[in-house]
Amino acid sequence: MQNVINDNANCPDTISPSMPQDLSATAVSCSQVSLTWSASADTGGSGLAGYKVYRNGAFLKQVAGTSTTDSGLSASATYSYRVSAIDNAGNESAQGSTAVTNTPQCPDITPPSVPSGLSAAAVSSFEISLTWNPSTDTGGSGLAGYRVYRDGAFITTTTATS
Numbered sequence: 072m073q074n075v076i077n078d079n080a081n082c083p084d085t086i087s088p089s090m091p092q093d094l095s096a097t098a099v100s101c102s103q104v105s106l107t108w109s110a111s112a113d114t115g116g117s118g119l120a121g122y123k124v125y126r127n128g129a130f131l132k133q134v135a136g137t138s139t140t141d142s143g144l145s146a147s148a149t150y151s152y153r154v155s156a157i158d159n160a161g162n163e164s165a166q167g168s169t170a171v172t173n174t175p176q177c178p179d180i181t182p183p184s185v186p187s188g189l190s191a192a193a194v195s196s197f198e199i200s201l202t203w204n205p206s207t208d209t210g211g212s213g214l215a216g217y218r219v220y221r222d223g224a225f226i227t228t229t230t231a232t233s
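First residue of the sequence shown: 72, per our numbering; consecutive thereafter.
Hints listed in this document are in silico derivations from the structure and should not be mistaken for laboratory results. Just so you know, these numbers come straight off a predicted model, no measurement behind them. Idealized CB from N, CA, C, for every residue including glycine. Just so you know, not all the hints are guaranteed correct.
Straight-line alpha carbon distances no greater than 20 Å define the calculated EDC-like cross-link-like pairs of lysine to aspartate or glutamate that follow [as the list claims (entries may be wrong)]: (1) LYS123 x ASP93; (2) LYS123 x GLU163; (3) LYS132 x ASP93; (4) LYS132 x GLU163; (5) LYS123 x ASP84.
Pairwise CB distance ranges, derived in the manner of DEER restraints [unchecked claim]: (6) ALA215 x GLY118: 56 to 64 Å; (7) SER102 x GLY213: 15 to 23 Å; (8) GLY210 x GLN103: 14 to 22 Å; (9) SER105 x GLN176: 16 to 24 Å; (10) THR181 x GLY118: 43 to 51 Å; (11) THR169 x THR228: 44 to 52 Å.
Can you build the whole structure from these sequences, using the hints too?
Take a look at the structure:
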């Protein structure tokens, strides 16, 4: 009979987890990206602690699962992501393939300000001249023009303030 002692408990884990695969980055709004990837394996014995997410080459956050959301992004921008796995001994895998996505432009839901300073001056017995102060648009899409109404009925559209 032979005595065998297995003392793996005292062996430090120096093996990095496998590299995350199949990273997907999807813009779900003008300010948010959803990230998913396949799970990594840790064969070093300490167990998988989670994943480090990198945006545009800089560390973003560490998460426990195989998905996360990146929020507070700028509209109409390009973002690149990479993910690495980390085990409980602090070993980090190489970063997986890069996933790139573009956030769309945010919809403009803010109406322009109401034109002010409307004045009318008679040009003839059949014609009047209207002038007003320009509106401001803070919604981002820009001011397209003005709709002119007479007694509640639409007459015309113009880009001028007169």
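Right, here's what the structure says about each hint:
1. With a C-alpha separation of about 15 Å, the suggested pair LYS123 and ASP93 falls inside the 20 Å cut-off, and the hint holds.
2. At roughly 9 Å between alpha-carbon atoms, LYS123 and GLU163 fall within 20 Å of each other, so this suggested pair holds.
3. Distance restraint check for LYS132 and ASP93: the Cα-Cα separation of roughly 19 Å lies within the 20 Å cut-off, and the hinted pair is therefore satisfied.
4. Between the alpha carbons of LYS132 and GLU163 the distance comes to roughly 14 Å, so the proposed pair stays at or under 20 Å and holds.
5. Taken as a hint, the LYS123 and ASP84 pair is honoured in the structure, with Cα atoms around 19 Å apart against an allowance of 20 Å.
6. ALA215 and GLY118 have their C-beta atoms about 59 Å apart, which keeps the hinted 56 to 64 Å range intact.
7. Our hint of 15 to 23 Å for SER102 and GLY213 holds, since their Cβ atoms are close to 20 Å apart.
8. Distance hint for GLY210 and GLN103: a CB-CB separation of about 19 Å, consistent with the stated range 14 to 22 Å.
9. Between SER105 and GLN176 the Cβ separation comes to about 18 Å, which falls inside the hinted range of 16 to 24 Å.
10. For THR181 paired with GLY118, a C-beta distance near 50 Å keeps the hint of 43 to 51 Å intact.
11. Separated by about 47 Å at the C-beta atoms, THR169 and THR228 satisfy the suggested range of 44 to 52 Å.
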